[in-house]
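Residues -29 to -1, 1 to 247 (mature numbering (1 follows the signal peptide of the UniProt record, and there is no 0)) make up the sequence shown, in order.
Since the hints were derived computationally from the structure, they do not count as laboratory data. Even for Gly, the Cβ is constructed at its ideal location relative to N, Cα and C. A couple of the hints might just be wrong.
[Said to hold, decoys possible] Simulated restraints on C-beta separations: (1) Gln34 to Leu218: 48 to 54 Å; (2) Gln34 to Asn86: 31 to 37 Å; (3) Leu218 to Leu88: 16 to 22 Å.
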Amino acid sequence: MHKRWLVCLTPFVLTACMSASGLSSNAQSAANANNQSFDQELVLQKTQNYSALIELYKQQLQQREQRTTRLKLAQAYLDYQDPESALFTLQPLINLASSHDQEFYLHGMALYRLNRLTEAQQALNLAHERDSRNAQTINMLGILYAQSSDLEQARLWFNRARELMYDDTAIKNNLALIDMLEENYQAAADRLLPIYLNGQADQRVIANLAIIMAKLGRVDYLHAFYAQDLNTQQINQLYSKLQRLNLHSNNHALELPTEPDQLAPALLLSEALVEE
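Turn these sequences into a full structure, and let the hints guide you.
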């Protein structure tokens, strides 16, 4: 009797084992595919291949609608300097009932890149309402206030972002721009010189330092900054023009051409080197 039960039960055990094995194999295949997609994404991000990233995220959204993927696609469009497509991509996520802040932040960035500053500030305020400790959003609000010439509010927002441990170089550069607009060039130098002396200054910080040091009468710093790129006559010419530069002129308004989180005067060194 026991033997007959064993014989009868055996096929069921084997079937169950085979099904489990099949499921395990399918799960492993799916895991491998996910890992491969993740590895591809990392490579494309590191190489800043934004056009390929855009296609990758679009393919993923065709297979499955997912909020995080749509946010990644919007960010890729912004990195690819295509804010209009970023704005279109974000439309399904923009819902005042949403408790998430990231879509409103990216929405604000896209509007900002399109020079729709009032709408950008509204979107960033919505992001800030949903996460009052997001230093990235707070820094961008500071930039918008600076561009509207409300320097007092801009400084408050930048210092708040600094309290929340936002990137030191970006914040110091933004605060230095406020100092420069207030013609407090020594305070601006005190903020930015340590970054330069520690070898952490990018081209934007050096460009701002060039203006600051010219205003302070320190042509020696300009020679240090540009000795490898310009000859002595060109450096002296640049120094003379930067000394006379009026940061409040409409010709030198604040802009955000490339960096997503730092202010800069809209002055190209090539402009300053044009013969009078």
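**Asked** So which of the earlier hints does this model not fit?
**Response** No hint contradicted; all consistent.
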